[in-house]
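For the record, the sequence lines run as chains A and B.
Just so we're aligned: 24 in this note's numbering is position 24 of the first sequence, and the numbers increase by one with no gaps anywhere.
Numbers given in this note's numbering equal positions in the second sequence, counted from 1, plus 352.
The hints are simulated quantities; they were obtained by calculation from the structure and are not laboratory data.
There's no promise every hint is true.
Stated by the list, open to error - From the structure, some residues in chain B lie toward chain A, with a derived Cβ separation under 8 Å:
1. 379
2. 383
3. 392
4. 394
5. 395
To be verified - Derived coverage of chain A by chain B (criterion: at least 3 residues anywhere in the stretch with Cβ under 8 Å from a Cβ of chain B; other residues may be distant):
6. 84 to 94
7. 332 to 339
Said to hold, decoys possible - Calculated Cβ distances over 12 Å to all of chain A for the following chain B residues:
8. 354
9. 370
10. 373
11. 380
12. 408
13. 415
14. 420
15. 422
16. 424
17. 428
Yeah, the Cβ is synthetic: ideal placement off N, Cα and C, and Gly gets one too.
Spelled out, the chains give:
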Amino acid sequence: MTDNCKVRKQRYLKWLCGISVGAAAAILYWHLEPLAKWLTYSLLGLSAASKFSSAVDFFLFETPKVMLLLTAVVFVVGVIRSFFSPERTRKILAGHHEFIGNVLAANLGIVTPFCSCSAVPLFIGFVTAGIPLGVTFSFLISAPMINEVALVLLFGLFGWKIAGIYLITGLLIAITAGWVIGRLCLERYVEPWVYEIKINETLEETVITWNDRMRFGYDAVKDIVGRVWPYVIAGIAVGAGIHGYVPQDFMASIMGRCAWWSVPLAVLLGVPMYSNAAGIIPIVQALLEKGAALGTVLAFMMSVIGLSLPEAVILRKVLKLPLIFIFFGVVAVGILIVGLLFNLIMPYMGFR
Amino acid sequence: MKIQILGTGCPKCKKLAENAEAAARELGLSFELEKVTDINQIMKFGVMMTPALAVDGNVKVVGKVASPDEIKAMLKKP
Chain A
1 MTDNCKVRKQ RYLKWLCGIS VGAAAAILYW HLEPLAKWLT YSLLGLSAAS
51 KFSSAVDFFL FETPKVMLLL TAVVFVVGVI RSFFSPERTR KILAGHHEFI
101 GNVLAANLGI VTPFCSCSAV PLFIGFVTAG IPLGVTFSFL ISAPMINEVA
151 LVLLFGLFGW KIAGIYLITG LLIAITAGWV IGRLCLERYV EPWVYEIKIN
201 ETLEETVITW NDRMRFGYDA VKDIVGRVWP YVIAGIAVGA GIHGYVPQDF
251 MASIMGRCAW WSVPLAVLLG VPMYSNAAGI IPIVQALLEK GAALGTVLAF
301 MMSVIGLSLP EAVILRKVLK LPLIFIFFGV VAVGILIVGL LFNLIMPYMG
351 FR
Chain B
353 MKIQILGTGC PKCKKLAENA EAAARELGLS FELEKVTDIN QIMKFGVMMT
403 PALAVDGNVK VVGKVASPDE IKAMLKKP
C-alpha cells in the first residue's frame, strides 16, 4: 500500500470513529433518565422516598447529561470558531459603521476565539484597522461575557428559557454599552502609541481543511472540558446536596425579588471577582435553588465572568484610566439594568 | 534557524516555548530561541492572538499551543 493510500485509509477510519462515538453519545443521552433511576434504586438499592436517594438520582442523571452536552457544544463551537479567525472578524467589521458594527461585533464576539490574555494585541489590531472604538468594545464585552460553557450549563440545569435570557441580554449589553462608548468620543483616552503602530497585515490566511476543523473541535474539547470538568461536577454535587437540606427560601429575604438593593450589591461584589464560567455555575445553582431572584443571580454571574480586575490590568497597557473606568461603568450599569428589569418582569414570564 | 515565541508572558506562551525547544532539540537542529514580549514587536508580525510562533520571521502558529509534533512538521519544511 502506498503512503498516500495509508493516510487516506487512516482518515476514513478516524471519521468513522468520530461518527460512531457521536451516535453512541446521542443514544446514551436520550436514555440517561431511566439509567440513573435504575442505578439509584435497583443497583444501589436506595429507598425511593428518601431525600438522599433523590439527591443521588439527581447527581447520576445530571452529571453525564451535562458532561455530554458540554462536550458536544464545545466541539461544535470549536469547529465554528475555525471559520472565524480574528483576522477574518476584523475584515468583516472594518467595512461597517456604528450600530450595525456594534451588532455584528457583539455576535462575532461569541464565535471568534478569544482569550483575555490576548485582549491587547486584538484591541490594537482592531483599532488600527479603522474599526471604531465603540465597535471594538462591543466585541471586547461580548467575547468573555457570553460563554459557551455557561450557556450549556444554564441550559442543562435550568432549561432553555434561562439560557436564552442569558444569551440575549448578554448581546444587548454588549451592543448598547459599545454603542454608548462610541458616542462618547473617547479616542483621546487610548494610549497615543497605539495609533502609531504599523501592523503587518500580510499574514496570509492558511488553508483549512475539514480535517483541520474537526481537529480544532477536538482540541477545544481536550482543552476546555479537560479544564472545567471538576467545576461542573462540583456544581452538580452542590445542586444535588442542597436539594433537600437547605430550606427552600433561605436566600429569599436577602436576594429575593423584593430586596431591590440586592442587584446593585451583586454587581458591586461581582465586578472585582473573577472566576471561569464553569466555576460560577455552582454558586448560581445554589442561589437560584434557594429563592434568590433570577435577575439578581444573572447580574452577579455576568459581572463575575464579564468584567474582572485582571482584564482591567491587561487593558491598562492600551487604555488610559478614565476609559477603563467608563468601560467598566457602562457595562456594570447595563448589567444592573438587566438585573432590575428581570426581577420586575419575572412573574409575568412564568418564573418564581 | 531562528525560532521566535510571540506573547506577553502568559502560561500558554511558556508552554509553547517549551514545546518548540523540545521539537527543535529532537530534530537536532541548530537553533536560536527568542521570546518576543514587546507588544510593538508582536504587532509587527501581524499577530492578534497570542501565543504565536515564528520560524525565521515567518509566522507559523497563531493563538494556540502547538504540540512538539506539530512544530516538528513546521521546522522540517523548508
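Against the structure, the hints:
no.: 1; hint: 379; verdict: 20 Å, violated
no.: 2; hint: 383; verdict: 22 Å, violated
no.: 3; hint: 392; verdict: 6 Å, holds
no.: 4; hint: 394; verdict: 6 Å, holds
no.: 5; hint: 395; verdict: 5 Å, holds
no.: 6; hint: 84 to 94; verdict: holds (count 4)
no.: 7; hint: 332 to 339; verdict: violated (count 0)
no.: 8; hint: 354; verdict: 17 Å, holds
no.: 9; hint: 370; verdict: 17 Å, holds
no.: 10; hint: 373; verdict: 21 Å, holds
no.: 11; hint: 380; verdict: 24 Å, holds
no.: 12; hint: 408; verdict: 15 Å, holds
no.: 13; hint: 415; verdict: 6 Å, violated
no.: 14; hint: 420; verdict: 15 Å, holds
no.: 15; hint: 422; verdict: 10 Å, violated
no.: 16; hint: 424; verdict: 16 Å, holds
no.: 17; hint: 428; verdict: 16 Å, holds
Hint violations for this structure: numbers 1, 2, 7, 13 and 15, all remaining hints satisfied.
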